[in-house]
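A.B. asks: Start from chain A and add chain B with the ligand according to the hints.
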Amino acid sequence: MDLTYTEEEQDFRARLREWLAAALPTLPPRPDPLDWPARRAYDTAWQRRLYDAGYAGLHWPADAGGRGATPTQHLIFLEETELAGAPYVGANFVGLLHAGPTIAAEGTPEQRARWLPPILSGDEVWCQGFSEPDAGSDLASLRTRAVRDGDTYIVTGSKIWTSHAEVADWCELLVRTEPVSAAVPRHRGITWLAMPMNAPGVTVRPLRTLTGTAEFAEMFLDEVRVPVANRVGDENDGWRVTMVTLFFERGTAFVGEVVACRRTLRALAAAARANGRWDDQELRRTLGRLNAEFTALWRLTQWNVSAAQRTGGAQGVPGNGGSVFKLRYSHARQELYDAAARVLGPGSLDLSHDWTPDRLSSLSYTIAAGTSQIQWNIVAERILGLPKGR
Amino acid sequence: MDFRLTGDQRALQAGVRALLEGRFGRERLRAAVGKPGPGPNPPLDRALWRELGDAGFFALRLPAKDGGVGLGLPEAVLAFEEAGRALLPGPLVATHLAAGTLPGAATGESVVTWVDGELVEWLDAADCVLGPGNAAGAVPVRSVDPLTPLHRVPAGADGARAAPAPGAACRSEAAVAALLTAAEQLGSAARTTEAAVQYAGEREQFGRSIGAFQAVKQLCAQMLVRTEVTRSAVYGAAVTGDPVEIAGAKLLADDAAVRNARDCLQVHGGMGFTWEADVHLHLKRAWVRAERWPTAGEAADVLAGALL
Ligand SMILES: Cc1cc2nc3c(=O)[nH]c(=O)nc-3n(C[C@H](O)[C@H](O)[C@H](O)COP(=O)(O)OP(=O)(O)OC[C@H]3O[C@@H](n4cnc5c(N)ncnc54)[C@H](O)[C@@H]3O)c2cc1C
Numbered sequence: 001m002d003l004t005y006t007e008e009e010q011d012f013r014a015r016l017r018e019w020l021a022a023a024l025p026t027l028p029p030r031p032d033p034l035d036w037p038a039r040r041a042y043d044t045a046w047q048r049r050l051y052d053a054g055y056a057g058l059h060w061p062a063d064a065g066g067r068g069a070t071p072t073q074h075l076i077f078l079e080e081t082e083l084a085g086a087p088y089v090g091a092n093f094v095g096l097l098h099a100g101p102t103i104a105a106e107g108t109p110e111q112r113a114r115w116l117p118p119i120l121s122g123d124e125v126w127c128q129g130f131s132e133p134d135a136g137s138d139l140a141s142l143r144t145r146a147v148r149d150g151d152t153y154i155v156t157g158s159k160i161w162t163s164h165a166e167v168a169d170w171c172e173l174l175v176r177t178e179p180v181s182a183a184v185p186r187h188r189g190i191t192w193l194a195m196p197m198n199a200p201g202v203t204v205r206p207l208r209t210l211t212g213t214a215e216f217a218e219m220f221l222d223e224v225r226v227p228v229a230n231r232v233g234d235e236n237d238g239w240r241v242t243m244v245t246l247f248f249e250r251g252t253a254f255v256g257e258v259v260a261c262r263r264t265l266r267a268l269a270a271a272a273r274a275n276g277r278w279d280d281q282e283l284r285r286t287l288g289r290l291n292a293e294f295t296a297l298w299r300l301t302q303w304n305v306s307a308a309q310r311t312g313g314a315q316g317v318p319g320n321g322g323s324v325f326k327l328r329y330s331h332a333r334q335e336l337y338d339a340a341a342r343v344l345g346p347g348s349l350d351l352s353h354d355w356t357p358d359r360l361s362s363l364s365y366t367i368a369a370g371t372s373q374i375q376w377n378i379v380a381e382r383i384l385g386l387p388k389g390r
Numbered sequence: 001m002d003f004r005l006t007g008d009q010r011a012l013q014a015g016v017r018a019l020l021e022g023r024f025g026r027e028r029l030r031a032a033v034g035k036p037g038p039g040p041n042p043p044l045d046r047a048l049w050r051e052l053g054d055a056g057f058f059a060l061r062l063p064a065k066d067g068g069v070g071l072g073l074p075e076a077v078l079a080f081e082e083a084g085r086a087l088l089p090g091p092l093v094a095t096h097l098a099a100g101t102l103p104g105a106a107t108g109e110s111v112v113t114w115v116d117g118e119l120v121e122w123l124d125a126a127d128c129v130l131g132p133g134n135a136a137g138a139v140p141v142r143s144v145d146p147l148t149p150l151h152r153v154p155a156g157a158d159g160a161r162a163a164p165a166p167g168a169a170c171r172s173e174a175a176v177a178a179l180l181t182a183a184e185q186l187g188s189a190a191r192t193t194e195a196a197v198q199y200a201g202e203r204e205q206f207g208r209s210i211g212a213f214q215a216v217k218q219l220c221a222q223m224l225v226r227t228e229v230t231r232s233a234v235y236g237a238a239v240t241g242d243p244v245e246i247a248g249a250k251l252l253a254d255d256a257a258v259r260n261a262r263d264c265l266q267v268h269g270g271m272g273f274t275w276e277a278d279v280h281l282h283l284k285r286a287w288v289r290a291e292r293w294p295t296a297g298e299a300a301d302v303l304a305g306a307l308l
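Note that the protein sequences, when read in sequence, are chains A and B.
At position 77 of the first sequence (counting the first as 1) the number is 77 in my numbering, and the numbers step up by one without a gap.
At position 160 of the second sequence (counting the first as 1) the number is 160 in my numbering, and the numbers step up by one without a gap.
Since the hints were derived computationally from the structure, they do not count as laboratory data.
Careful: at least some of the hints might be erroneous.
Per the computed footprint, the stretches of chain B lying under chain A, defined by three or more beta-carbons under 8 Å from a beta-carbon of chain A, are [said to hold, decoys possible]: (1) 108-122; (2) 222-228; (3) 237-248.
Please read all numbers here as calculations on a predicted model, not as lab measurements.
From the three backbone atoms N, C-alpha and C, an ideal C-beta is built for every residue, glycine too.
Just chain A, with the same shape it has in the complex (with noise of 0.2 Å):
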């Protein structure tokens, strides 16, 4: 057990944080969070600065357009980002840590060349597809409808919860290319399209989130032509083909925020001795939990980057040891700002505090990228081997 770095990893921290303290001074102002289309703008202008400096796609690899770093790199390009305060993967999210990893994983050389260089130098941006009203935790019952003719899908049916759907270039699609019958189970059927935001059919109409922002939408489509040549792996193998790379989302998709949680956690241990709510002892050994759980979490997340570096996945922490983070950690970041509405006290209800949205949003931690319900019967299924069950 080692939490050593070596002097490559040394050299590639101060490298890097030579380079973040140059440019982050010259970032424009942050947008309003109200403004997609200004967020956009700014989450696509640095990305375009990581990849103009060769840290887009870090860790993919080279042949996907990456730069085949290694999982502790991108773990000390995660640490090191945020730390600086460097801005958040924002709308890259879907492209960077999902679509991409998957046509990485599953595209032809075409498809990559199509769609993996646009996602690193910002120039586009991806929405995800999967959850429809109907099927939320139950994904495999969607019913978004493809239907072949000739060389193209014609597409109908509906989406919700499309995060950030609004200033999308393109959507992973999930569709159902065969009915769901006694020959057919609910997994199989299942086709993973990349489907042009712009094609007619398709309407996005905002949902507004109990923060008061639109983070996400709904999507209708009507008829939407989606050509065969967009269709990653096999039809009827979608399923497999999202499997690949769904759990990347519950791997080190949040190593930044745990540094920032840390870093939340010391300003509101700051708070409290500034406002004297830290002569109350209860809160003050809550927030001293808190340490000991964030302080955790970090190790967990170096334990499972040290795992993947051995085992050779470039591609971060995948597998159902994320489900164990993901779990521990959504519930650790509600109890934290839980814990700084203490510190506030009736300033809690001002949402011109920071710590007020943030805690309005880490609401939606236990419920997005797979509820809490089903991280649990993930880990007791698929780690302790308990029996499947509905």
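C.D. replies: Only chain B with the ligand this time, still in chain A's reference frame:
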């Protein structure tokens, strides 16, 4: 960075597990526990103590030139994790800490205990008492844990727990003791997770194994999450040796051991409430270890202080 067990560490882990299964397997454990009821405190098994000494359990961190094994804190943590799994009785942490300073501790010829607060474990069996407290006048307690005799230091005596004494050496000793206790708690938490999962797979009700019920699955999954988060915390603290990180590891490990034992008990139903099932032994020992410094409140104070 390679925060995983090395081949040597895995071999050590397997070796200690095999040793304890051979020397202190379930039958020995149950024989040591005996029947409930009043009676003399269980004696410490001196032969087993010397076997542990021979195996290097106490001398693990002593330099080879002093007759030790020459390993570090991470290795000691792995050994103590196994001890926690096996419910190995005795003042293991104190004797391990005394190796190299107290004659006979390294070899298991001496039994050493520790006093830093109200409770003293294994006082009658001990040849020597270390620690910042004072065990004079301690009176026996009817210990909840059948395999950990306890004495209580009278209130107001100078054994009352102080924050670890100012001397740096003493503080670092207390921190190592806390870390090794956390490692024992980790082993217990992992063991009760396994026991619960195994029982959930075997026991049938309503025509299916109870492990198919989501409520049972959720208990088991939460046990695993607690165990694995604790493992990262304990191993991380072992590598850095940082006292604040150690306090965090102890806090999480106490919580995991106690809550996992309770969930394990729940999964076992009526069987879990019996003397015959081992789960109560894990719970009771976890309670005893949770009382060692730092308790949850004391650890949280250390961790909070470090935020400023
Ligand atoms: C902020 C945010 C962003 C999102 N972004 C996207 C996106 O970009 N693209 C996309 O496709 N989706 C997205 N989602 C959707 C998300 O994946 C779903 O909300 C999630 O999978 C849950 O589905 P649901 O909302 O239909 O809830 P349901 O599945 O209806 O669940 C309702 C409740 O029932 C419980 N439940 C359901 N099934 C079981 C079971 N088998 N066992 C136990 N309990 C069960 C759930 O845990 C939950 O508590 C996003 C969601 C949020 C909150």
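A.B. asks: Taking the hints in turn, state whether each one holds.
C.D. replies: Each hint, compared with the structure:
1. 108-122: Coverage by chain A is violated for the region 108-122 of chain B (0 residues, Cβ < 8 Å).
2. 222-228: holds (count 4)
3. 237-248: holds (count 7)
The structure is inconsistent with hint 1 alone, although it conforms to all the rest.
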